[in-house]
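Asks: Residue numbers (the numbering used here), protein chains in the order written: chain Z, 1 to 289; chain E, 1 to 252.
By construction, these hints were calculated from the structure, which means they are not laboratory data.
Here the structure is a predicted model, which is why all the values come from computation and not from measurement.
C-beta: ideal position from N, C-alpha, C; glycine also.
Mixed in with the good hints, there may be bad ones.
Said to hold, decoys possible - Straight-line C-alpha distance at most 30 Å; calculated DSS-like pairs for lysine-lysine:
| hint | chain 1 | residue 1 | chain 2 | residue 2 |
| --- | --- | --- | --- | --- |
| 1 | E | 233 | Z | 194 |
| 2 | E | 138 | E | 126 |
| 3 | E | 78 | Z | 106 |
| 4 | E | 75 | Z | 194 |
| 5 | E | 126 | E | 143 |
| 6 | E | 195 | E | 75 |
| 7 | E | 144 | E | 126 |
| 8 | Z | 194 | E | 144 |
| 9 | E | 144 | E | 110 |
| 10 | E | 78 | Z | 194 |
| 11 | E | 110 | Z | 194 |
| 12 | E | 110 | E | 143 |
| 13 | E | 186 | E | 241 |
| 14 | E | 110 | E | 126 |
| 15 | Z | 194 | E | 126 |
Stated by the list, open to error - Listed below are several chain Z residues computed to face chain E (Cβ distance under 10 Å; list not exhaustive):
| hint | residue |
| --- | --- |
| 16 | 174 |
| 17 | 190 |
| 18 | 195 |
| 19 | 213 |
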Amino acid sequence: MATANNNTRYLLRDLTDKLASTLAVLATLLVIAPLVAIFVYLIYKGASSVNLAFFTQIPAPVGEAGGGMGNAIAGSLLILLMGSCIGVPIGISGGIFLAEFGRGTKIANAIRFTADVLNGVPSIVMGIAVYSLVVKPQGHFSAFAGGVALGIMMVPTIMRTTEEMLLMVPNAIREAALGLGLPNWRSVLSITLKTASPGIITGCMLAFARVAGETAPLIFTAFGNSFWNWHPNEPTAALPLQIYVFAISPYDDWHRLAWAGALVLIVLIVLAVSLVRYVTSRGVMKGAS
Amino acid sequence: MGVGIEVSNLNAWYGANHTLQDISLRIPPNQATALIGPSGCGKSTFVRCLNRMHETNPIARVTGSVRIGDLDIYKDAKPVEIRRRVGMVFQRPNPFPTMSIYDNVASGLKLNGFRNRRALDEIVEKSLRNSALWDEVKDDLRKKSGASLSGGQQQRLCIARALAVDPEVILMDEPASALDPVSTSKIEDLIFELKTHYTIVIVTHNMQQAARVAEKTGFFLNGRLVEFDSTHKIFTNPSDKRTEDYITGRFG
Ligand SMILES: Nc1ncnc2c1ncn2[C@@H]1O[C@H](COP(=O)(O)OP(=O)(O)O)[C@@H](O)[C@H]1O
Ligand SMILES: [Mg+2]
Numbered sequence: 001m002a003t004a005n006n007n008t009r010y011l012l013r014d015l016t017d018k019l020a021s022t023l024a025v026l027a028t029l030l031v032i033a034p035l036v037a038i039f040v041y042l043i044y045k046g047a048s049s050v051n052l053a054f055f056t057q058i059p060a061p062v063g064e065a066g067g068g069m070g071n072a073i074a075g076s077l078l079i080l081l082m083g084s085c086i087g088v089p090i091g092i093s094g095g096i097f098l099a100e101f102g103r104g105t106k107i108a109n110a111i112r113f114t115a116d117v118l119n120g121v122p123s124i125v126m127g128i129a130v131y132s133l134v135v136k137p138q139g140h141f142s143a144f145a146g147g148v149a150l151g152i153m154m155v156p157t158i159m160r161t162t163e164e165m166l167l168m169v170p171n172a173i174r175e176a177a178l179g180l181g182l183p184n185w186r187s188v189l190s191i192t193l194k195t196a197s198p199g200i201i202t203g204c205m206l207a208f209a210r211v212a213g214e215t216a217p218l219i220f221t222a223f224g225n226s227f228w229n230w231h232p233n234e235p236t237a238a239l240p241l242q243i244y245v246f247a248i249s250p251y252d253d254w255h256r257l258a259w260a261g262a263l264v265l266i267v268l269i270v271l272a273v274s275l276v277r278y279v280t281s282r283g284v285m286k287g288a289s
Numbered sequence: 001m002g003v004g005i006e007v008s009n010l011n012a013w014y015g016a017n018h019t020l021q022d023i024s025l026r027i028p029p030n031q032a033t034a035l036i037g038p039s040g041c042g043k044s045t046f047v048r049c050l051n052r053m054h055e056t057n058p059i060a061r062v063t064g065s066v067r068i069g070d071l072d073i074y075k076d077a078k079p080v081e082i083r084r085r086v087g088m089v090f091q092r093p094n095p096f097p098t099m100s101i102y103d104n105v106a107s108g109l110k111l112n113g114f115r116n117r118r119a120l121d122e123i124v125e126k127s128l129r130n131s132a133l134w135d136e137v138k139d140d141l142r143k144k145s146g147a148s149l150s151g152g153q154q155q156r157l158c159i160a161r162a163l164a165v166d167p168e169v170i171l172m173d174e175p176a177s178a179l180d181p182v183s184t185s186k187i188e189d190l191i192f193e194l195k196t197h198y199t200i201v202i203v204t205h206n207m208q209q210a211a212r213v214a215e216k217t218g219f220f221l222n223g224r225l226v227e228f229d230s231t232h233k234i235f236t237n238p239s240d241k242r243t244e245d246y247i248t249g250r251f252g
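Excised from the complex, chain Z in its bound form:
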């Protein structure tokens, strides 16, 4: 009797376990499916147009075959480099302030609140804001203005992740550093920050990947350019902008290039993120615990 009872109970438990696992796997598939679908579709539509010319040439005039997005790729690199140079240091220093120096102060709360609001500002608004702050006074569009817009957009994500990652560092680590007679700033920079660095780098990469695909903030700032430009102070093409221009055009040729551009954009982001991860993971010791 007792064993029979135990048996049914065991079966029931086993069934519940299987059901829960199945649901979890289904949910995971549901999340991954669109991602895979997008990628496959991009490859299907765009891979055939990705060739050497795509990386080395500028867009061909309407009606002419061929052409590429070389100038847009270069422009995106330039803008993203400037954006990161602005967003990463400001974001990380802000996060350090929030977690290590300003804890509980009014100004820290105000900064945190501002960052959260900034995070919710539509990207087109960021474009307009930088237009009136940088483009208007300068009198012309520029890659620099685009970099400023993207840089500002990176700040909130980086700042908040830096703060959270620093707060996760156990207090015992800080005490160990102070106990050795290290000044607080030294302990923050060389011990706490270093301990939290894997998470902080992930935050920077997230922010980077997010702004790398932004179009709206670049419309009023980098503006776009049909030719090569490496000068930070000139209007500059950018991949998302060029994709947008090609995609809304009526020409099949350009549509194909737009697909190829989207594919290249995604691959470049993945490459950049992997590269940074690889470079920064060397030289960092991993604990067993």
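Based on the hints, put chain E with the ligands in the right spot on chain Z.
Replies: Leaving out everything else, chain E with the ligands in the frame of chain Z:
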């Protein structure tokens, strides 16, 4: 060489909580001094006042004076200077997790701007030898992270890290309470060695440990120092009834 410590009328607070009340005592140089007492009586707070770690807590406050050697630490010096002369080992081993064994030991010097590679190598080796860890780690000094060692090894690594900055006093706050018996006895042996060069103040909840390693013992209760005397006297013939009750296990 170790130096003596002279504490007079030390009071400490956490916010409104008057944690230490009028503590005065003299800790002799080059000996181990044990501090015992029930948990929450203020032992940790007391040792944290000896290297000015107490004030790193924003709600904390201290009055009174502490002389280490000829230095009045609350008057004559900055906290960072004191903490280089008075090293600390904490209850839970806390090596820097992202650093190699070598860098853990060298951290106090390196991060204070010490750049002489060869001297650094020597100091790291000496500190690891003095903390009885050298033979176990000498082959993977730079390969392994401090966090990959066992708990007992981590604690000895933390001792080596404290020794590397060449302190005069070493404070140990229940250094063995998170360790197994074998590791504990290694730490106790180590304390015997270290006494010859340093003044040691050790907090312990383990009375046999106090009896084994310390020349002098202080008994704390509710933020007050009830009795401070030679370890032998405290454990065989205490003058205060409360000390006797505590060491005979009647409370605490
Ligand atoms: N960080 C802190 N904030 C507020 N109160 C504290 C803090 N640390 C300790 N205390 C209080 O101070 C008293 C003494 O604590 P502690 O020195 O840690 O005792 P012990 O080490 O003897 O167990 C306790 O009542 C405890 O509640
Ligand atoms: Mg304690």
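Asks: Hints first: check each against the structure and report whether it holds.
Replies: A quick look at each hint next to the structure:
1. E/233 to Z/194: violated (49 Å)
2. E/138 to E/126: holds (11 Å)
3. E/78 to Z/106: holds (28 Å)
4. E/75 to Z/194: At roughly 34 Å apart (the allowed maximum being 30 Å), residue 194 of chain Z and residue 75 of chain E break the hint.
5. E/126 to E/143: holds (19 Å)
6. E/195 to E/75: Holds - the C-alpha atoms of residue 75 of chain E and residue 195 of chain E are around 27 Å apart, at most 30 Å.
7. E/144 to E/126: holds (19 Å)
8. Z/194 to E/144: Roughly 17 Å between the alpha carbons, so the hint for residue 194 of chain Z and residue 144 of chain E holds.
9. E/144 to E/110: holds (18 Å)
10. E/78 to Z/194: The hint holds at about 26 Å.
11. E/110 to Z/194: holds (15 Å)
12. E/110 to E/143: With Cα atoms ~18 Å apart, residue 110 of chain E and residue 143 of chain E stay inside 30 Å; holds.
13. E/186 to E/241: violated (34 Å)
14. E/110 to E/126: Holds: residue 110 of chain E and residue 126 of chain E sit about 16 Å apart, inside 30 Å.
15. Z/194 to E/126: Given that 30 Å is the threshold and the Cα spacing comes to 27 Å, the pair holds.
16. 174: Interface hint status for residue 174 of chain Z: holds (8 Å vs cutoff 10 Å).
17. 190: Constraint on residue 190 of chain Z satisfied, holds at 5 Å.
18. 195: Since chain E brings a Cβ to about 5 Å from residue 195 of chain Z, closer than 10 Å, the hint holds.
19. 213: Check failed: Cβ of residue 213 of chain Z comes no nearer than 32 Å to chain E, outside 10 Å.
In this structure, the earlier hints numbered 1, 4, 13 and 19 are contradicted, and the remaining ones agree with it.
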